[in-house]
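K.L.:
Letter by letter, the chains look like this.
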Amino acid sequence: MASSIRVRSTSNGDITEVQALIQHPMDTGLVKDSKGEVIPAHFIQQLKFECNGKDVFVADWGTAVSKDPYVKFSFKGAKKGDDLKISWTDNKGGSDTTTAKIA
Amino acid sequence: MTTTTGPHPTRRLILQGAAGVALLGLGNLPFGAAPARAAANDKYPEEAFKLKNEADAIKALYGKTVEPSDKVKLDAPEIAENGGVVPISVTTTLDKVTSISFFVAENPNALAASYRIPDGTLPAVANRLKMAKTTNVTAIVEADGKLYSATKEVKVTVGGCGG
Amino acid sequence: MKARSALLLGSLSATLVAFALTSPRVIAADKVDPVADAKAFQNFYFQKFPDVKHEDFVNGPYSMNEDMKRQWQEKEEFPPYEFALDAGKEMFATPFKNGKTYADCFPNGGIGIRQNYPYFDTKEGKVVTLELALNRCREANGEAPYSYVKDEMASLTAYMAFTSRGKPMDIKIPDDPRALAAFENGKRYFYTRRGQMNFSCASCHVQSPGERIRAEILAPALGILNAMPIYRSEWSGMGTTSRRFVTCNSQTRAVPLEPQADEYRDVEYFLSYVANGLPISGPGARP
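Which chain is which? The protein sequence lines are A, B and C, in order.
Residue 98 in this note's numbering sits at position 98 of the first sequence, and the numbers go up by one each step.
Residues are numbered in this note's numbering as their position in the second sequence, beginning at 1, plus a constant of 103.
Residues are numbered in this note's numbering as their position in the third sequence, beginning at 1, plus a constant of 266.
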């Protein structure tokens, strides 16, 4: 299975810019399907980025984050080739993890 | 399913008790006395996400008052091309930023996203949010234990919650 | 400008009726002359929108509105079609059960050829679109065809378009009366009014690009297929050229045709030909 997580992390001197896109329905629990039945809420609650053993960014999300969520941030202290670990968990107990090399 | 009794019932009781205390605590929290967002541990702020009203959600998340600041730069489109995917970003010149949160006032639940900004991470975030209709969007930056905000109206003609 | 942006369907159609009385067509229809047609078509847009760079017309509604263009540029930083593109690349490389691949069915192994589709097949005497060629490739290799409107088909064409990005659209009309007839038929379909609201494709995409119709900004017809397939937030997913045609027909309460019906193939041929020289920008992201 292909990972649900796409990451681009590029180091530019001391600053590493990170962009991530995650494949997830982010269902609000307020929308009905074509048969008129409510699609239960299904959304990522927490998304974490770790580098060199330390959290560099933690996102807490509700249902108002768009489908296939996107986030962008930057941090200091990493260099090219370092590992960036990304992991998420959702409200139904689903999760995924991946590791990307900083380019 | 197992039928053993063992420690399970007790454990559940204890958990329930703890949750009850936590809820009570939230409700009774005087302004200013709550732990700052950053000081809170890793826990997902479930309650804050469930509240409808923006003021209540801010209170549950931070327990503090907010002041508008021109040092918080909120970037949002004037008219969202689609309420399901509205690009929103914030940057700030404030120091010692520990968290950034986004609230969409007219959504069924106002709190949309809350980001922890550890030491060494720049105080800037871009993300994409859903908006049910034309609404104010507020970004709150927590810096040196205080809260600063910026608000912008986003017009929505195609809503993001109707699918 | 502000007042016009509130334009609703009703008032738009009134404007269009008035417009139709004065200048009904961009293209004179006396005789079939695709070269002259394409020139007139392009000049119409270049003159109507002198500030839009020629290569920007391929970006649909985003070529017409700055606020929307910024939202698009933000989306393009990590575009929503990324997952479809990855899936398409993988599918394209995966052999069929018989060991053959898509590459075996196409010139240049299928890479960098999107700008030549649709083409007129002189053996068959008909227009062949990329989607049609992909399904024929599958069937020739013992695989079931895909739906023409989304999912796998959109992923495959997304990948093929991506390998052609920036290449100028290059549609040929061979020296064959049937090819000219197909072009002419596509043009006729494009300018013919139909449906309960009595709109032609041109009513919206020639006479009103940049106008708001309900919440949407209308794309110019010039280069309107260069970004296909597209991820539409409104669809929460990808769609092919056929899906868009069907949607446009339905929105004006006209009866949509079957995807890949002859008329749709011909209108695709016409719209692609008049966009010759403009870059392929697919896959695209749209509201």
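Hints are not guaranteed to be accurate.
No more than 30 Å apart at the CA atoms, straight line, and that leaves these computed lysine-lysine pairs for BS3-like [as the list claims (entries may be wrong)]: (1) A:79 with B:167; (2) C:392 with C:319; (3) B:236 with C:416; (4) A:72 with B:258; (5) B:199 with A:101; (6) C:416 with C:389; (7) A:48 with B:176; (8) A:48 with A:92; (9) A:35 with A:76; (10) B:162 with A:72; (11) B:155 with B:176.
Quick caveat, the hints were computed from the structure, so don't treat them as lab data.
K.L.:
Looking at the structure, which of the earlier hints fail to hold?
P.N.:
Result: hints 1, 2 and 9 break, sorted rising.
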